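We have chain A already, so just place chain B on it with the hints.
As a plain string of letters, each chain reads:
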Amino acid sequence: MYATRTRRARPEPFALRPGIAERLGLPYMDAALGLAAVGLVAFSIFTLDQATRHDVLGNPGYYVDRQTIYAILGLLGMYLLARIDYSRFRELRVGIYTFLCVSVSLVFVFGFAARGSRRSFDLPFFSFQPSELGKLLLVLALAGFVIDGARRGSARQRTVRYLCLGFAPAALVFLQPDLGTSLVYGAITLAVMYVGGVRWTHFAVIGAALAAIVALVLVVAPAIGTPVLKEYQQQRLTSFTHPSEDPSDAGYQQNQAKIAIGSGEKTGRGDRATQTRLDFVPERHTDFIFAVIGERYGFLGAAFVLSLYALLIWRALRIVTLSKNSYGTLVAGGIAAMLLFQVFVNVGMNLGIMPITGIPLPLLSYGGSSVLATLLALGVLQSIHMQARLSQKGRFAW
Amino acid sequence: MYRRSDELGPQMNNRLALRIALFGGVALALFAVLFFRLWFLQVLNGDRYLAEANNNRTREFRVSAPRGEILDRNGRILVANRTSLALQVNPHKLPADERRRHAELAQLADLTHSSLHRLRRTMREQLLLAASAPVTLRRDVGSYLVYYLQENQDRFPGVTVQRVFVRRYPHGTLAAHILGNVGEVSEKQLKEPSHLGLEPGDEIGQDGVEDTYDGFLRGKSGITRIQVDAFGQPTRNGKLVSQPPVPGDNLKLSIDSGVQEAGEAALAARGLPGGFVTMDVHSGEILGLGSFPTFYPSVFTKPLTQAQVNALYRDPVAAPIIDRAIAGLYPTGSTFKLITALAALESGTITPSTSIYDGGTLTVGGQSFQNAGGASYGSLTLVPALQVSSDVFFYTLGLDMWDTGQLQKWAHMLGIGRPSGLDLPGAAEGLLPTKQWRDKLAAEGEAEGRPWSAGDNIQLATGQGDLQTNPLQMAIAYATLANGGTVLTPHLGLQVDDAAGRVMREFEPKPRRHVKFKTESRDVILEGLHEAAQAPGGTSYAVFGGFPIEVAGKTGTAQRVGHADQSWYVVLAPYPNPRIVTAVTIEEGGFGAESAAPAALQILEAYFGKHSSGESGPNGGSPG
Chain A
19 MYATRTRRAR PEPFALRPGI AERLGLPYMD AALGLAAVGL VAFSIFTLDQ
69 ATRHDVLGNP GYYVDRQTIY AILGLLGMYL LARIDYSRFR ELRVGIYTFL
119 CVSVSLVFVF GFAARGSRRS FDLPFFSFQP SELGKLLLVL ALAGFVIDGA
169 RRGSARQRTV RYLCLGFAPA ALVFLQPDLG TSLVYGAITL AVMYVGGVRW
219 THFAVIGAAL AAIVALVLVV APAIGTPVLK EYQQQRLTSF THPSEDPSDA
269 GYQQNQAKIA IGSGEKTGRG DRATQTRLDF VPERHTDFIF AVIGERYGFL
319 GAAFVLSLYA LLIWRALRIV TLSKNSYGTL VAGGIAAMLL FQVFVNVGMN
369 LGIMPITGIP LPLLSYGGSS VLATLLALGV LQSIHMQARL SQKGRFAW
Chain B
30 MYRRSDELGP QMNNRLALRI ALFGGVALAL FAVLFFRLWF LQVLNGDRYL
80 AEANNNRTRE FRVSAPRGEI LDRNGRILVA NRTSLALQVN PHKLPADERR
130 RHAELAQLAD LTHSSLHRLR RTMREQLLLA ASAPVTLRRD VGSYLVYYLQ
180 ENQDRFPGVT VQRVFVRRYP HGTLAAHILG NVGEVSEKQL KEPSHLGLEP
230 GDEIGQDGVE DTYDGFLRGK SGITRIQVDA FGQPTRNGKL VSQPPVPGDN
280 LKLSIDSGVQ EAGEAALAAR GLPGGFVTMD VHSGEILGLG SFPTFYPSVF
330 TKPLTQAQVN ALYRDPVAAP IIDRAIAGLY PTGSTFKLIT ALAALESGTI
380 TPSTSIYDGG TLTVGGQSFQ NAGGASYGSL TLVPALQVSS DVFFYTLGLD
430 MWDTGQLQKW AHMLGIGRPS GLDLPGAAEG LLPTKQWRDK LAAEGEAEGR
480 PWSAGDNIQL ATGQGDLQTN PLQMAIAYAT LANGGTVLTP HLGLQVDDAA
530 GRVMREFEPK PRRHVKFKTE SRDVILEGLH EAAQAPGGTS YAVFGGFPIE
580 VAGKTGTAQR VGHADQSWYV VLAPYPNPRI VTAVTIEEGG FGAESAAPAA
630 LQILEAYFGK HSSGESGPNG GSPG
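In the order they appear, the protein sequences are chains A and B.
Going by this note's numbering, the first sequence opens with residue 19, and the numbers climb by one from there.
Going by this note's numbering, the second sequence opens with residue 30, and the numbers climb by one from there.
Derived by calculation from the structure, the hints in this document are not laboratory data.
In this text the structure is predicted, and so the values were computed from the model without any measurement.
Some hints here could point you the wrong way.
[Unchecked claim] Pairwise CB distance ranges, derived in the manner of DEER restraints: (1) A/V237 <-> B/L114: 49 to 57 Å; (2) B/N119 <-> A/A241: 29 to 37 Å; (3) B/R192 <-> A/A189: 54 to 62 Å; (4) A/A189 <-> B/A125: 29 to 37 Å.
Backbone N, C-alpha and C define an ideal beta-carbon position, used for all residues, glycine too.
Okay, chain A solo, but in the shape it has when bound (with noise of 0.2 Å):
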């Protein structure tokens, strides 16, 4: 590896055995970005160890056990990225690309159906979901492309083509149909454009065509009776203006989610928690994680837990700005928006102020594509830290 060699060639004057941590690269990452990655995955295991005990009937461990596994497998899959330069995945941009498109379609081919849409491959012990990875794939290729056609074509030609680029498998995923994981998708496409300098003007002609096409779906094409989104998707979307009694509506599961947070208090209900706990809360170990959070833990649970991912934004905004190259930037860029997205509409739906949208709170929720995904694209941040410090003390060693 490119990190390795360097050291050999210039061994540092005092230090003339590296130790142990030196060796496995350790000085170079980011601590704060792992601890911060470590903290909420063991929040999560913790978490789910209590809420999800009597869930599964014999087996009171079904969740924490396999959300352990998910966790160590993304955790050495994090540590082994951080290890890789980053850099190649430009020159792959195109396979990635490729493969990318292909696994979330192949979903339609062998997916496997839950909840009447078709998202994952059902393997042995495990369902992958390829859009999850897919979030992470889309990061590595779009940045590619900004970067491989940054000098092709006028400014208004790359901003359609990163557009297309971002359009197609965002389509696909739509079609699943996974409404958040797709809008995730376009969050990430234009935070890369974003970051990839895109004129503002292009910018705003994105946000009015946006405005417009919200419009159109959610008000116009129910209206003249050829509706884009299915039923739920549409009451998902527009239910937490109106919070509801029926326990069969989306508002009322909405609004049971911020009962359950707010009668957390300061301190948290702890096994006293009654919303999360009899079921009031729907998917609470998925999307709604946050809400058993909220009320088992109170106010200090779900800060703490606000505050890790804070944290690990402020880091990988960081490591936007200490890139060694524009590709790192654009990468990181595009990694720290697609935590921010989820984030945000994820707590949001949960504390009442965002529709549900079927977005993962990252490392939190249960479930393995989306923690190894992430812990995958955290170890993309911290390969691009890794490579700017190396580089850095390249340049001072030099």
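Below, chain B without anything else, positioned relative to chain A:
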């Protein structure tokens, strides 16, 4: 490094720095929003949401308490309970979606062998009465239906099966008018202070002693609070608190079922509308009280059909729901003569030895008042006048007292035309015509605009004219004379025992008032009544002549406009120290001795356990 192909150049770096800074600003703003919202929900409004969460997870189930039983004075059960399963729908828990709601109701209608239309109508009607209460669709549902609904609970949101207690009447129509009925508390009743703590759907006594003694009989619903999950299913170990229901106390009535049965049978045998009261003359305890036509109180345990409503309430003359013993408004005919006699003796109008000539007619101011049947008895003192029921004798007394107000004063003191204090709702006050009353009406141009005249008082002296009273008031008046002047408070409630049999309360209502009169007056009048009943030539000798117990009784034949003569009989027994009084009236029953007196005899026979020897000849009673 600087020459790598993907380098964006230093000038780009400034713009990039700006973009990253903006990115950071947006992230900061978003996190600020989340933190603020979290603070708002958990710290500022936490208590509100905690209350909502607690409210969310518990369901209160009311466990209805059995009402107390109602017994007669000998402990015979008049009203008991049976359990029944009632199918209820909580309209607020039905699916909000119109189609699903419709489908569920249609299925329910099918299951209950009803039509959707009828079901919706039932719900509308009951919701009008109590807006938030669960609607009872059907009572006495079969267990097969209950099992089916329990197994398919998820398909029938809002539908519950409740075990309810239903009144059971082991003796059919016995004491129907006394017992009354229970029914769901109305929205208006809920606001009354005595119904505090009740909820829509709870049952309370709506009539009869069920109403009067509701506070004792009702009991207290229990509450089971259980923890439920979002689907309303009880959770394991979900029982939070449980307050067991407290059964109502048992009410023992003063009614003697034997007397009651005899009275009702006696009325039924005549087949005419009428009523009777039998009362203890020393305590005011009612031993029997009934009215004919009667009804099965059990009809009220289910919603009434229109046909049942018509049968119970419609007929203005013969509606079974009317309790003629206490709510009737009748002239009394000659049974009133006891009061006239007492008033005349006490006011000094006559003495027991004053004799008055009965020439068959009394003419006053051009108006002539005749003995019924055109009889003429010659010169009479009070005792024989009562014995033969000479009208002219009492016409004369009425005439003598026409502007002294003495007759009204004594009638009023004995309880005519005023509330009796009976512990049964629906008693009528009646009307005692007085000078002031008629003069006032006359001034207002009503009642023919005719002021009080001697004729009015003459009519009243023989229980005719404007007088309106009922068997209960007559029984009280007779009892007052018999017991020496105590105006009793008639009552049905004797005592209240709790479910374990401990006596909780005994009822001995104080007398209404005391009336002072000479013992001699009482003895003379009772003697006259005794002669009337059991001396040859007495008005009811034909009926009571052969009765082994000595009694003092008075017939009455009241003329009612638009009706045939109404038969009356009031009897005190045993003579000369009466224990009980029985008053019977039978609408259109003819002469007093013709129908009311034989009915009274049947009641006395039941009370004393002795039967008439039947020796007296059928010489009929003198008209009253």
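Between A/V237 and B/L114, is the Cβ distance one that fits in 49 to 57 Å? 50 Å, holds
Check your understanding: Between B/R192 and A/A189, does the beta-carbon spacing fit 54 to 62 Å?
Key -> 59 Å, holds
Consistency of beta-carbon spacing, B/A125 to A/A189, with hint 29 to 37 Å: 35 Å, holds
Could you check the hint for me, namely that B/N119 and A/A241 are 29 to 37 Å apart, CB to CB? The hinted range 29 to 37 Å holds for B/N119 and A/A241, with Cβ atoms some 35 Å apart.
Hint violations for this structure: none, all hints satisfied.
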